[in-house]
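There are 2 protein chains.
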Amino acid sequence: MAQKPSIPKGTRDFNSIEMARRNYIFDTIKDNFKLFGYKQIETPAMENLSTLMGKYGEEGDKLLFKIQNSGDFLKNCTDEELLGRNAVKLTNKMCEKGLRYDLTVPFARFVVQHRNDLSLPFKRFQIQPVWRADRPQKGRYREFYQCDADVVGSDSLLNEVELLSLIDRVFKNLGIRVTVKLNNRKILQGIAESIGEGDKIIDITVAIDKIDKIGLENVNKELAEKGLSEDAISALRPILELTGSNEEKLAVMKCILKDSEVGLKGIEEMSEVINTIDCLGHECDMEIDISLARGLNYYTGTIIEVKAKDVEIGSITGGGRYDNLTGVFGMPGLSGVGISFGADRIYDVMTQLDLFPKSLEQSVKVMFVNFGEREAAKSLKYVAALREAGVPATLYPDSAKLKKQMTSAAADKIPYVAFVGETELDKDAIMIKNMETGEQKTYTLEEAINLLS
Amino acid sequence: MAQKPSIPKGTRDFNSIEMARRNYIFDTIKDNFKLFGYKQIETPAMENLSTLMGKYGEEGDKLLFKIQNSGDFLKNCTDEELLGRNAVKLTNKMCEKGLRYDLTVPFARFVVQHRNDLSLPFKRFQIQPVWRADRPQKGRYREFYQCDADVVGSDSLLNEVELLSLIDRVFKNLGIRVTVKLNNRKILQGIAESIGEGDKIIDITVAIDKIDKIGLENVNKELAEKGLSEDAISALRPILELTGSNEEKLAVMKCILKDSEVGLKGIEEMSEVINTIDCLGHECDMEIDISLARGLNYYTGTIIEVKAKDVEIGSITGGGRYDNLTGVFGMPGLSGVGISFGADRIYDVMTQLDLFPKSLEQSVKVMFVNFGEREAAKSLKYVAALREAGVPATLYPDSAKLKKQMTSAAADKIPYVAFVGETELDKDAIMIKNMETGEQKTYTLEEAINLLS
Chain R
17 MAQKPSIPKG TRDFNSIEMA RRNYIFDTIK DNFKLFGYKQ IETPAMENLS TLMGKYGEEG
77 DKLLFKIQNS GDFLKNCTDE ELLGRNAVKL TNKMCEKGLR YDLTVPFARF VVQHRNDLSL
137 PFKRFQIQPV WRADRPQKGR YREFYQCDAD VVGSDSLLNE VELLSLIDRV FKNLGIRVTV
197 KLNNRKILQG IAESIGEGDK IIDITVAIDK IDKIGLENVN KELAEKGLSE DAISALRPIL
257 ELTGSNEEKL AVMKCILKDS EVGLKGIEEM SEVINTIDCL GHECDMEIDI SLARGLNYYT
317 GTIIEVKAKD VEIGSITGGG RYDNLTGVFG MPGLSGVGIS FGADRIYDVM TQLDLFPKSL
377 EQSVKVMFVN FGEREAAKSL KYVAALREAG VPATLYPDSA KLKKQMTSAA ADKIPYVAFV
437 GETELDKDAI MIKNMETGEQ KTYTLEEAIN LLS
Chain E
17 MAQKPSIPKG TRDFNSIEMA RRNYIFDTIK DNFKLFGYKQ IETPAMENLS TLMGKYGEEG
77 DKLLFKIQNS GDFLKNCTDE ELLGRNAVKL TNKMCEKGLR YDLTVPFARF VVQHRNDLSL
137 PFKRFQIQPV WRADRPQKGR YREFYQCDAD VVGSDSLLNE VELLSLIDRV FKNLGIRVTV
197 KLNNRKILQG IAESIGEGDK IIDITVAIDK IDKIGLENVN KELAEKGLSE DAISALRPIL
257 ELTGSNEEKL AVMKCILKDS EVGLKGIEEM SEVINTIDCL GHECDMEIDI SLARGLNYYT
317 GTIIEVKAKD VEIGSITGGG RYDNLTGVFG MPGLSGVGIS FGADRIYDVM TQLDLFPKSL
377 EQSVKVMFVN FGEREAAKSL KYVAALREAG VPATLYPDSA KLKKQMTSAA ADKIPYVAFV
437 GETELDKDAI MIKNMETGEQ KTYTLEEAIN LLS
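In order, the protein sequences belong to chains R and E. Per this note's numbering, the first sequence starts with residue 17, numbered consecutively. Per this note's numbering, the second sequence starts with residue 17, numbered consecutively.
Honestly, the hints are just simulated from the structure, not real lab data. All C-beta atoms, glycine included, are put in the ideal place defined by N, C-alpha and C. Certain hints may be false.
Label-pair restraints from in silico Cβ distances [claimed, not checked]: (1) R:Lys188 <-> E:Asn466: 23 to 29 Å; (2) R:Gln378 <-> E:Lys91: 45 to 51 Å; (3) E:Lys443 <-> R:Asn39: 41 to 47 Å.
Please build the complete structure, drawing on both the sequences and the hints.
Written as structure tokens, this is what we have:
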């Protein structure tokens, strides 16, 4: 019955070094979430398909992993339906559950389901895997983690400021130099309105986004093709050419958007957020970027995106304010703002920049060599005492050849190897070798604990 | 489009207090796994069904959650097959992947798949959820966590001793009084052989297991019904009546099993494990229990089971030695020994005995009340300084009514509330209220950091 085992494409095993590195990222994010007062929740991997379907667009529905009902999963299908072979229709009759596609929809479902037990504003964080039946490719997986923090039930822009502080601290802790890009959906809407093209906000945003790549002339050509008037296109020009400091950008836009109520509101929000975070202090660059339009159909205020400075890669964190997270589940009017850290991309950035601490590679601090029954019995006591003192320690379980035991210690990057042979047995001593320097010395147990603690 | 949201039966949401308590258990187990030199791995939630099917018996195959193939999942089925409505057969044609049912089979698959990258003996731990389409009932869920530690590639009984030490430490740390029950499959086999009924090992074990409940006479009646000879039944009697200390039990059995090679081997193993762990010291009771037979078809040596002393509940941890973990994947002869902590039952035990530290209920150490723009701006700076010092702190985001803010702090069990009103603003001071004692005092930032650190 032998079979060559493998795992589904787009999924991954993680070995112990990868786990140590991933945990380093997760723990850094989690510790900061807690420091900022976000409270952890978890939701089940499986949600009812009625909760998930229709929330991610038609394409998203196709990318949901669906779980076949247990037992007679065909019982809701007639013969005609089966022979009709309409995959979408039949899936809905054979499957009631699907795997979580993101953490946002389950969070919205959680808030509505437990509304009576939650006090608002509610600051939650959630770090769990999600699954998407996307075509796997470099850096895109079918199972990956999201690390989300959101506040719901508060309109205050202080929440935006807090999230920016949080981002600043996380990347400072991880040692990644980043630029935080900021925009506001209301400003984009104001721009579209002020040039008389309020319904073309998406076309305009796409065009703004392309200016660095294709130049002003080509952008204008595209806008004309989309049906923008010549007047609108020339009115847009100062925005396409916007440069300078955040203050300068805000000043120019305030002038351009002077007749748009929503636009001015957006500028006011942006100014307050930037002034407050500047006043509070931050290490990373915070930069207004009018071309930023992620999740435009979803966000209603501030939009946030984080890019690594030293690696060419997509955004490594993003988020923004939304006004109607829970409306689809029958609880309208709940405003919120949140961010999501992309742990897999952060991992790639840290790998490329060699930012992981070397200490993550070691499993235990010391391995005792096994010289046989009597020596092992004594070593076990030392190992127990070291563990009691909080020092990760191990005894090689078999009295194998010394070379094999030393090779194992080296493979596991164990920094110290301890020897309790006959000589040491008689003297209640431990010989310890520093694997980096090669130095060997004899210690009492107490001295050994001091050395290794 | 409003819908009343819910989650699939047998699954759970965890709120922040439940998460804090669950993490307390997971972290205690994980910290000890690391202290003992076990290395963490993770495997994907989805495995190929070819990896999972046939590993858990026919019943287990039915309890696997199967994931329907993406796109045209019907393409491998003929019209005849569809109309045949054979659910088991069709599932295999419509689904290539399933959700992990335990951590053992994925671990075996991992070891074989990555055999060239692993140095043996390999000590691994894994803490991840598993899924089973079992009928949900009290204490039984369709999604639950397993916490496994295993060593593969070493026959040494020191591995058993280590696992017993680990169990001892984990439950000492959690504050749960437990009895660790020990048996050895070879002893059970020896008993069956020595009474001339080597093929009835399971019937005999079941009978031994029942003696406390139904008494000697009824057990003997059952054994007769199963076809045991009168001689065999009377030869079994001293074993059914086995009592006393571990030493006494071992002595009696050594006498009874004197002609069974495998039985004596089992006693020798058991003696060595018990002597070594006794010599090393332990807090929990370690007790030989000949009726212990969990996973009898799987374990080949030591069998371990942990019961809580102060709560009536099934076993909260279990494990043992197996000889052929990876054979089914084409890598025979790899011996291993492992244990699995039942986090959900441990949670129930700790809840019933009220063992969770009260501090787990609090989210942050201090909440600053929001009195308006100027006060909030100053408070934000204090909050930032506290966080920099490692103190979890938060500012209420809205300048809501004081009563609402205080209610929120109380609901979140926040131990200190800080006030920066006009008076404090002028004096660079912070008024801090101890929510337990009601005491209020004014502090400088530095004093506040000392108080709250």
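Now the hints, each set against the structure:
| no. | hint | result |
| --- | --- | --- |
| 1 | R:Lys188 <-> E:Asn466: 23 to 29 Å | holds, 24 Å |
| 2 | R:Gln378 <-> E:Lys91: 45 to 51 Å | holds, 50 Å |
| 3 | E:Lys443 <-> R:Asn39: 41 to 47 Å | holds, 44 Å |
Consistency with the previously given hints is maintained throughout, with no hint failing.
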